[in-house]
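Work out the full structure: start from the sequences and follow the hints.
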Amino acid sequence: MQAAHPPSTAGAWLYRHPKALLVLFLLPPLLWLGVVYLGSLFALLAQSFFSIDEFSGTINRELTLKTYRELFSAANLDVILRTVLMAATVTVAAAIIAFPIAWFAARYARGWLRALFYIGIMLPLWSSYLVRVYAWKLILAKEGILNWVLAKLHLTWLLEALLSTPVLGGASLSVSYFGTFLVFTYIWLPFMILPIQASLERIPASVLEASGDLGAHPGHTLRHVVLPLALPGVVAGSIFTFSLTLGDYIIPGIIGSSRPFIGEVVNLHQGTAGNIPMAAAFSVVPVVVMFIYLALARRAGAFNAL
Amino acid sequence: MRSRKERVSLSLAASATAGLLFLLVPLGLILLYAFTTEDKTYQFPPPGYTLEWFGVAWGREDIRSAIALSVRVALVSTAIAMVLGTLAAAAMYRFRFFGRESITLLIILPIALPGIVTGISLRSAFNIMDIPFSFWTIVLGHATFCIVVVYNNVIARFRRTSHSLIEASLDLGANGWQTFLHVVLPNIATALLVGGLLAFALSFDEVIVTTFTAGQQTTLPIWMLSELVRPRQRPVTNVVAVFVIAVTFIPILLAYFLTRDTSDVNGSGK
Amino acid sequence: MFDHVSLRFGDVAAVDNVSLEIADGEFFSLLGPSGSGKTTSLRLIAGFEQPDAGEILLHGVPASGLPPYQRDVNTVFQDYALFPHMSVRDNVAYSLMIRKVPRAERRRRAEEMLDRVRLGGMADRRPAALSGGQRQRVSLARALINQPRILLLDEPLGALDLKLREQMQEELKGLQQDLGITFIYVTHDQQEALTMSDRIAVFDHGRLQQVGAPREIYDHPANAFVANFVGVSNLLDAATSHTLFGIDGATAVRPESIRIEAPARDDAVRIETVVESIVFQGQNSRLVLACDGARLSALFDHNADRETASPETGKPLAVWILREDVHRLGEGG
Numbered sequence: 001m002q003a004a005h006p007p008s009t010a011g012a013w014l015y016r017h018p019k020a021l022l023v024l025f026l027l028p029p030l031l032w033l034g035v036v037y038l039g040s041l042f043a044l045l046a047q048s049f050f051s052i053d054e055f056s057g058t059i060n061r062e063l064t065l066k067t068y069r070e071l072f073s074a075a076n077l078d079v080i081l082r083t084v085l086m087a088a089t090v091t092v093a094a095a096i097i098a099f100p101i102a103w104f105a106a107r108y109a110r111g112w113l114r115a116l117f118y119i120g121i122m123l124p125l126w127s128s129y130l131v132r133v134y135a136w137k138l139i140l141a142k143e144g145i146l147n148w149v150l151a152k153l154h155l156t157w158l159l160e161a162l163l164s165t166p167v168l169g170g171a172s173l174s175v176s177y178f179g180t181f182l183v184f185t186y187i188w189l190p191f192m193i194l195p196i197q198a199s200l201e202r203i204p205a206s207v208l209e210a211s212g213d214l215g216a217h218p219g220h221t222l223r224h225v226v227l228p229l230a231l232p233g234v235v236a237g238s239i240f241t242f243s244l245t246l247g248d249y250i251i252p253g254i255i256g257s258s259r260p261f262i263g264e265v266v267n268l269h270q271g272t273a274g275n276i277p278m279a280a281a282f283s284v285v286p287v288v289v290m291f292i293y294l295a296l297a298r299r300a301g302a303f304n305a306l
Numbered sequence: 001m002r003s004r005k006e007r008v009s010l011s012l013a014a015s016a017t018a019g020l021l022f023l024l025v026p027l028g029l030i031l032l033y034a035f036t037t038e039d040k041t042y043q044f045p046p047p048g049y050t051l052e053w054f055g056v057a058w059g060r061e062d063i064r065s066a067i068a069l070s071v072r073v074a075l076v077s078t079a080i081a082m083v084l085g086t087l088a089a090a091a092m093y094r095f096r097f098f099g100r101e102s103i104t105l106l107i108i109l110p111i112a113l114p115g116i117v118t119g120i121s122l123r124s125a126f127n128i129m130d131i132p133f134s135f136w137t138i139v140l141g142h143a144t145f146c147i148v149v150v151y152n153n154v155i156a157r158f159r160r161t162s163h164s165l166i167e168a169s170l171d172l173g174a175n176g177w178q179t180f181l182h183v184v185l186p187n188i189a190t191a192l193l194v195g196g197l198l199a200f201a202l203s204f205d206e207v208i209v210t211t212f213t214a215g216q217q218t219t220l221p222i223w224m225l226s227e228l229v230r231p232r233q234r235p236v237t238n239v240v241a242v243f244v245i246a247v248t249f250i251p252i253l254l255a256y257f258l259t260r261d262t263s264d265v266n267g268s269g270k
Numbered sequence: 001m002f003d004h005v006s007l008r009f010g011d012v013a014a015v016d017n018v019s020l021e022i023a024d025g026e027f028f029s030l031l032g033p034s035g036s037g038k039t040t041s042l043r044l045i046a047g048f049e050q051p052d053a054g055e056i057l058l059h060g061v062p063a064s065g066l067p068p069y070q071r072d073v074n075t076v077f078q079d080y081a082l083f084p085h086m087s088v089r090d091n092v093a094y095s096l097m098i099r100k101v102p103r104a105e106r107r108r109r110a111e112e113m114l115d116r117v118r119l120g121g122m123a124d125r126r127p128a129a130l131s132g133g134q135r136q137r138v139s140l141a142r143a144l145i146n147q148p149r150i151l152l153l154d155e156p157l158g159a160l161d162l163k164l165r166e167q168m169q170e171e172l173k174g175l176q177q178d179l180g181i182t183f184i185y186v187t188h189d190q191q192e193a194l195t196m197s198d199r200i201a202v203f204d205h206g207r208l209q210q211v212g213a214p215r216e217i218y219d220h221p222a223n224a225f226v227a228n229f230v231g232v233s234n235l236l237d238a239a240t241s242h243t244l245f246g247i248d249g250a251t252a253v254r255p256e257s258i259r260i261e262a263p264a265r266d267d268a269v270r271i272e273t274v275v276e277s278i279v280f281q282g283q284n285s286r287l288v289l290a291c292d293g294a295r296l297s298a299l300f301d302h303n304a305d306r307e308t309a310s311p312e313t314g315k316p317l318a319v320w321i322l323r324e325d326v327h328r329l330g331e332g333g
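Chains as they are written, first to last, in this note's numbering: chain A, 1 to 306; chain B, 1 to 270; chain C, 1 to 333.
Computed spacing ranges between beta-carbons, pair by pair:
1) B:R160 with A:L113: 24 to 34 Å
2) A:L77 with B:V83: 38 to 48 Å
3) B:D62 with A:P218: 51 to 61 Å
4) A:T89 with B:L105: 26 to 36 Å
5) B:D62 with A:L45: 30 to 40 Å
6) C:E171 with B:L105: 47 to 57 Å
7) A:D53 with B:R160: 53 to 63 Å
8) A:L113 with B:V25: 12 to 22 Å
9) C:K100 with B:G215: 46 to 56 Å
10) B:P186 with A:E70: 56 to 66 Å
11) A:D53 with B:G48: 56 to 66 Å
12) C:S64 with B:S102: 32 to 42 Å
13) B:G215 with A:L77: 32 to 42 Å
14) B:V83 with C:N17: 39 to 49 Å
The hints are simulated quantities; they were obtained by calculation from the structure and are not laboratory data. Just so you know, these numbers come straight off a predicted model, no measurement behind them. Cβ atoms here follow ideal geometry from the backbone N, Cα and C, with glycine treated the same way.
In structure tokens form, the structure reads like this:
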């Protein structure tokens with residue numbers, strides 16, 4: 001028999017007021033995210049409505065749309081378009097490369113093979129971003145492994161053909177768009193694999209057997225059953241690849257052409273140029289793009305696959 | 001029992017293998033280059049192999065202090081994230097309330113928005129409020145995006161924990177605190193640990209947000225970045241890169257063995 | 001015990017103005033389909049939910065505001081809710097540990113309790129290593145070790161197969177009689193409720209439909225819902241009831257009350273029907289008979305009714321119903 005406590009203990013009070021318990025749980029994380037994070041986002045937004053005095057270089061804390069007018073100059077629109085295009089291309093490429101890996105890992109990898117795939121996906125995901133970018137600096141260097149392999153295979157002409165392509169090419173891979181694209185795809189690939197793998201693992205084997213049983217060719221099963229069911233995973237993964245590419249300023253700075261991406265411009269404005277309002281206005285762009293993207297993704301049911 | 005073994009098509013196996021190689025070969029190369037005798041270029045194959053760079057790197061004071069700072073930041077950020085992430089997960093598991101979806105969104109926002117946005121936002125806020133850069137400005141940023149990692153792991157475990165376990169404990173005379181101690185904590189312990197390990201790994205590597213919140217302080221990733229932009233001593237950078245991979249490899253392996261039987265998909269919320 | 005208790009979830013009244021009293025030492029069942037409010041009523045007693053209106057009295061004391069851990073009530077959960085990280089012994093001794101009973105006594109009492117539910121020797125196992133029936137017993141031992149005055153059981157046998165379920169029914173009933181404590185038993189299985197209970201409360205859509213002894217509920221269903229949920233009934237609308245029996249208002253007749261042979265009494269109503277279909281069910285066959293715009297379900301017993309010519313599909317068949325087997329139904333349900 002439980003002791004007949006007087007029902008006036010703190011626990012009993014919380015029992016009668018379950019909402020108070022909820023507040024107790026939720027308040028600390030909400031305070032942190034609300035104040036530190038949302039607060040900062042608003043600070044950013046506020047800064048974007050300030051302007052910079054062109055002569056003194058000081059920040060004028062009066063609300064104005066001047067910075068936004070400058071943002072939509074032709075050169076800046078060029079930067080935005082270039083970045084969004086890169087993000088989209090990287091996302092598509094990552095999805096194409098990720099799918100077979102995720103499919104294999106989810107369906108066929110057992111025992112030691114499963115462990116290998118887990119490590120193979122997790123290690124790149126969690127190991128240092130910089131180290132992985134650095135790895136590509138080693139690979140793409142003129143004296144590096146890629147040129148060595150191509151030379152051994154007598155395929156150097158292929159690389160030269162690629163490099164002489166207008167826009168994509170350049171003096172060498174490490175200063176070309178193609179190089180930037182390659183590194184982006186490599187770096188964000190694990191973010192695409194995991195959600196796809198998770199959504200594929202949720203497809204019951206019986207569904208695939210049913211499709212085969214009903215006479216569907218494996219190709220048909222893939223197109224009409226697997227892909228639609230994996231779509232939320234693909235969309236969830238694309239949130240990462242898209243967002244991460246939009247905001248990155250390190251990769252294009254280390255491997256890529258001199259034409260800048262959004263992140264680099266933001267970094268430039270806030271750093272050497274000291275134009276914080278412009279940096280703020282520029283970083284509102286990926287936020288807006290991402291909110292549009294998230295709204296679309298939510299409709300595709302991607303949040304449940306995160 | 002499966003009467004017929006599932007057959008893997010050759011093209012699937014080939015493309016999965018190629019993809020896995022694409023993921024792993026660059027990391028292998030990092031390991032290889034740490035032993036090269038060539039110190040001016042990234043020549044492949046390396047002309048010779050040596051261990052001398054490990055000793056050189058070990059003796060560098062700037063690297064040591066960068067590592068120390070990174071470890072301290074990661075420890076404090078992880079601790080904060082573990083408390084806040086667990087609280088948020090508990091609230092989301094226990095209650096159905098108005099605005100629940102918005103809170104999910106708020107929690108994943110720090111990783112859904114580009115890192116540069118988080119970074120420059122924090123910098124603007126510090127700027128407006130005249131907060132000088134310090135150890136704590138770095139921690140503030142790191143803890144914010146580490147919360148979601150802990151949250152994701154803990155909520156996944158909660159979802160597989162029957163509500164009736166908690167009710168059974170209350171029913172048997174345990175109050176809320178005793179229930180947390182004897183039933184809830186043991187059940188989420190491994191998920192919490194894994195979340196913490198992954199948060200540590202994430203914080204230890206972070207560079208994008210850190211450049212905006214660190215001021216003049218140098219964490220290990222910031223040291224790496226400066227070496228990448230302007231290489232000074234390539235072999236030392238190679239050795240540090242191997243060290244960083246090793247540091248992150250351990251939490252990943254631990255996380256794998258801790259959750260192997262429970263099939264949590266971790267890290268999907270990095 | 002329940003005094004005009006209501007609980008709403010959003011727009012749905014999970015428990016709607018229920019009043020009922022359960023006697024000490026009674027085996028009392030809450031019977032109803034899923035979503036009828038029976039489990040919610042149980043959770044109200046345990047303290048997992050709090051009523052929006054009304055009061056719950058436990059042994060005369062208002063229980064509102066008392067958290068579950070301050071109520072002298074224990075629960076056997078539908079999914080057993082065994083703590084996966086503890087051994088069977090620690091599960092059973094959990095409430096003793098919370099009450100800081102010394103370790104040696106804890107151990108002794110837990111093992112005693114395990115012997116009682118015939119799980120001696122399993123104390124060191126983990127719940128995951130037990131079968132469904134064994135987990136059920138651990139859950140029972142854990143809830144009983146505190147000697148609560150009321151034991152709540154939420155569909156405890158739902159996950160077990162038929163054989164085991166029948167065996168456990170007997171054991172539970174025996175245990176309840178041995179201990180002399182009140183069992184409040186939630187089930188959707190009318191057979192189970194009829195077999196085990198002293199009294200049954202039938203729920204539907206959050207409302208109490210009828211309370212009574214099994215016999216009473218079976219023989220005198222209060223309304224159409226009870227008549228059809230507890231056992232099978234032929235429900236006859238007011239018009240048909242009037243034509244056949246001269247009764248105003250809807251009535252119910254059990255299939256087994258429809259006689260194929262003429263009874264040796266002259267107050268039986270004879271009805272001319274045509275056999276629509278016959279389904280063989282082993283000892284019985286189920287007949288569907290058509291008469292005067294109504295359809296009747298009847299049973300043909302292959303042993304008892306052997307003397308009579310076997311009914312054939314499409315052929316006419318005369319049947320008899322005793323007046324006392326015709327039950328007038330109340331409103332509701």
